[in-house]
Amino acid sequence: MKGRSAEIMTTKQLADYLQMSQITICRLAREKKLPGLKIGKEWRFPKELIDRFIASGSNFDEVFEGLEASGGDRG
Numbered sequence: 001m002k003g004r005s006a007e008i009m010t011t012k013q014l015a016d017y018l019q020m021s022q023i024t025i026c027r028l029a030r031e032k033k034l035p036g037l038k039i040g041k042e043w044r045f046p047k048e049l050i051d052r053f054i055a056s057g058s059n060f061d062e063v064f065e066g067l068e069a070s071g072g073d074r075g
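So that you can map any letter, position 11 of the sequence shown is 11 in UniProt numbering, and since no number is skipped, the others follow by simple counting.
Be aware that one or more of the hints could be misleading.
Straight-line distance between alpha carbons at most 30 Å, and here's what the computed BS3-like set of lysine-lysine pairs gives [what the hints assert, rightly or not]:
#1 Lys38 / Lys12
#2 Lys33 / Lys47
#3 Lys33 / Lys12
#4 Lys47 / Lys32
#5 Lys47 / Lys12
#6 Lys12 / Lys32
#7 Lys41 / Lys12
It is worth saying that the hints were derived from the structure and are not from the lab.
Could you put together the complete structure from these sequences and hints?
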């Protein structure tokens, strides 16, 4: 994400954004059904990937196939 800052969301921020519980967000992240990164005991979610995931109406792997094709990386 050269030239722009990436907005990173916490579990609480993402739960509010998606109108879901924090427990559900953590479960979906653990199951790799939401794009996220676990740092220590905390999950972090790049808003750009969450928005792409929502807009695509597709599953997690399809979102990342597009990201990898554009030169991005899963982590």
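Hints, verified against the model:
Simply put, lysine 38 and lysine 12 have alpha-carbon atoms about 14 Å apart, close enough for the 30 Å limit, and the pair holds. Our distance criterion of 30 Å between C-alpha atoms is met by lysine 33 and lysine 47, whose separation comes to about 15 Å. Simply put, lysine 33 and lysine 12 have alpha-carbon atoms about 17 Å apart, close enough for the 30 Å limit, and the pair holds. The suggested pairing of lysine 47 with lysine 32 holds, with an alpha-carbon distance near 16 Å, which does not exceed 30 Å.
For a cut-off of 30 Å, the pair hint linking lysine 47 to lysine 12 stands: about 13 Å separates their Cα positions. As the CA atoms of lysine 12 and lysine 32 are separated by approximately 18 Å, the hinted pair is consistent with the 30 Å bound. Straight-line distance between C-alpha atoms of lysine 41 and lysine 12 comes to about 14 Å, which keeps the hinted pair within the 30 Å bound.
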